[in-house]
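The lines below spell out each chain.
Protein chains: 2
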Amino acid sequence: MIKTLNDLIEQAKKQEKMKLSVAAAQDGEVLAAVVEASEMGIIEPVLVGDEKAIGAIADEKGLDLNGYRIIDEQDLAETARKAVWLVSGGQADFVMKGLIDTSILLKAVLDKEIGLRTESQLSHVMMYEVKGYHKLLYLTDGGMNMYPDVPTKAKIIKNAIAAAKALGNQNVKVACLAAKEKVNPKMPATVDAGELKQMGVEGFFGEGVTVEGPMALDLAISKEAAEIKRYESPVAGDADVLMVPNIEMGNGIGKALSYFASASSAGVIMGASAPVVLVSRADTHENKLNSIALGSVIAANK
Amino acid sequence: MIKTLNDLIEQAKKQEKMKLSVAAAQDGEVLAAVVEASEMGIIEPVLVGDEKAIGAIADEKGLDLNGYRIIDEQDLAETARKAVWLVSGGQADFVMKGLIDTSILLKAVLDKEIGLRTESQLSHVMMYEVKGYHKLLYLTDGGMNMYPDVPTKAKIIKNAIAAAKALGNQNVKVACLAAKEKVNPKMPATVDAGELKQMGVEGFFGEGVTVEGPMALDLAISKEAAEIKRYESPVAGDADVLMVPNIEMGNGIGKALSYFASASSAGVIMGASAPVVLVSRADTHENKLNSIALGSVIAANK
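Line order of the protein sequences matches chains A and B.
Just so it is clear: in the first sequence, position 86 is 86 by this note's numbering, and no numbers are missing.
Just so it is clear: in the second sequence, position 142 is 1142 by this note's numbering, and no numbers are missing.
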């Protein structure tokens, strides 16, 4: 089981090398991370995009693209389609967003003919390594699904479980977060969490999964807080997955971890037939590399 | 301007001593914090509650209650009423919750005859001292108002401004948080934040106040993140107040700060004619003392 981001990088190096298709690779930061991951032996990239611009960036940054497959395409919608098609056609294992709007890339991902559509919901899974916690924390969904209903939340949880299991977690503990521990009809987050817990009890999320809720963040990650508040659950103080009821809570917790708790992170979109790596401009270099490694390990173990 | 919790304690010691009425003082942790604050010269307490139980706890914990005014009352609703009445009747300056349900205490606070009701909305203001930030961060409302509408959010902001001004902030920068920076009709948090910003521009929040939004947490507290995302605002990276759109986001950010960023904190309910101190069982001893000091400084400077 991968418990740190360093474990993740090591696993990505050790396993079979995955092929990464990069949509609109003409982004300096993305290109640098892709070349680094390639040189570390984590991936074999295929760059789709404006070949001239890619070459100019590589020259400027001193990146050696010798031996890389580059598919020249200027139109962004077409760039997205080609990058995705490389994956659906079996020539690549996962895809990464470069200098292109997320919506354009996801439109290609969801395309019925050349895309990577499944029965699942697309959802964003972030993974944090934070000092003071004994393993990686998966946070979902602070980036894509805004105010999911119970069936959507169930799919979001399934995606996070798939990510956790791809990283070797046999037993996945999911905390459905809210502001309180008691189900309160005036707080939909608590009601939904109660329903999701019940679905878990009935086996909906499969073997080796415990879904608990509603619970506040302190109970999910601190055994001491759970003891003081007399909250008993195998998930208390030992959560792997934090499922948030709305995008604001996910975004807020994630940003607090990154900016105030100096957490390192990796992020990926799950729910398509292959992971989609999507990094933010404000991500550190290290976090971008972590995200490529995360996509790579999930692609190899799905 | 008070920039750290230590400044807050020092200010509370230095100023005129405030009288604190404690509702249902028969709580070991609360009583210990109250006695400590009293011995530090921050407050003069009046204990309302079960006198026998209070005495037994004091004996057990070795607390010296000599010279304290104690009002014996066993009935909890009556305890709350008496504690609140001490404030409305001018015999105390603020009130603190002991071993009593918050709802019982707040019912007395909101009582039209003996209570502390004003035109304002009651709201919870937390204050965090967190490493890596250059001043205190006020977070509201992660405890009371669940899904406030724009008029309620405006009142919540006014309460936080009142707290910040009572602590000597002449210029208060308010960040209306959301998950994105663009107003998006599908995300009510962004729409409301845009409206609140406009109200600020029109002078609704008074002199020396800048209300900005929508913005994600990173932009509110990191100038670097704001620069990378080209978000320009005097509030960017320099927020005093974080106003959250729903209780889940407030609760999540607050718990992340406390448990992962080792933040110290203080909390108080604003919007009544005197501050109401309300600490959680899971609060550290230090945080309980900070909350008493916070109530005291606000009571002295409202």
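No wet-lab data here; the hints were simulated from the structure.
Treat the hints loosely; a few may be bogus.
Claimed, not checked - Straight-line Cα separation of at most 25 Å, PhoX-like style, residue types lysine-lysine; simulated pairs:
hint	chain 1	residue 1	chain 2	residue 2
1	B	LYS1131	A	LYS135
2	B	LYS1229	B	LYS1182
3	B	LYS1155	A	LYS180
4	A	LYS165	A	LYS3
5	A	LYS19	A	LYS107
6	A	LYS107	B	LYS1155
7	B	LYS1061	A	LYS182
8	A	LYS182	A	LYS107
9	B	LYS1135	A	LYS131
A quick note: this is a predicted structure, and the numbers were derived from the prediction, not measured.
Status of the hints after comparison with the structure:
no.	hint	verdict
1	B:LYS1131 to A:LYS135	23 Å, holds
2	B:LYS1229 to B:LYS1182	12 Å, holds
3	B:LYS1155 to A:LYS180	23 Å, holds
4	A:LYS165 to A:LYS3	12 Å, holds
5	A:LYS19 to A:LYS107	21 Å, holds
6	A:LYS107 to B:LYS1155	41 Å, violated
7	B:LYS1061 to A:LYS182	32 Å, violated
8	A:LYS182 to A:LYS107	39 Å, violated
9	B:LYS1135 to A:LYS131	23 Å, holds
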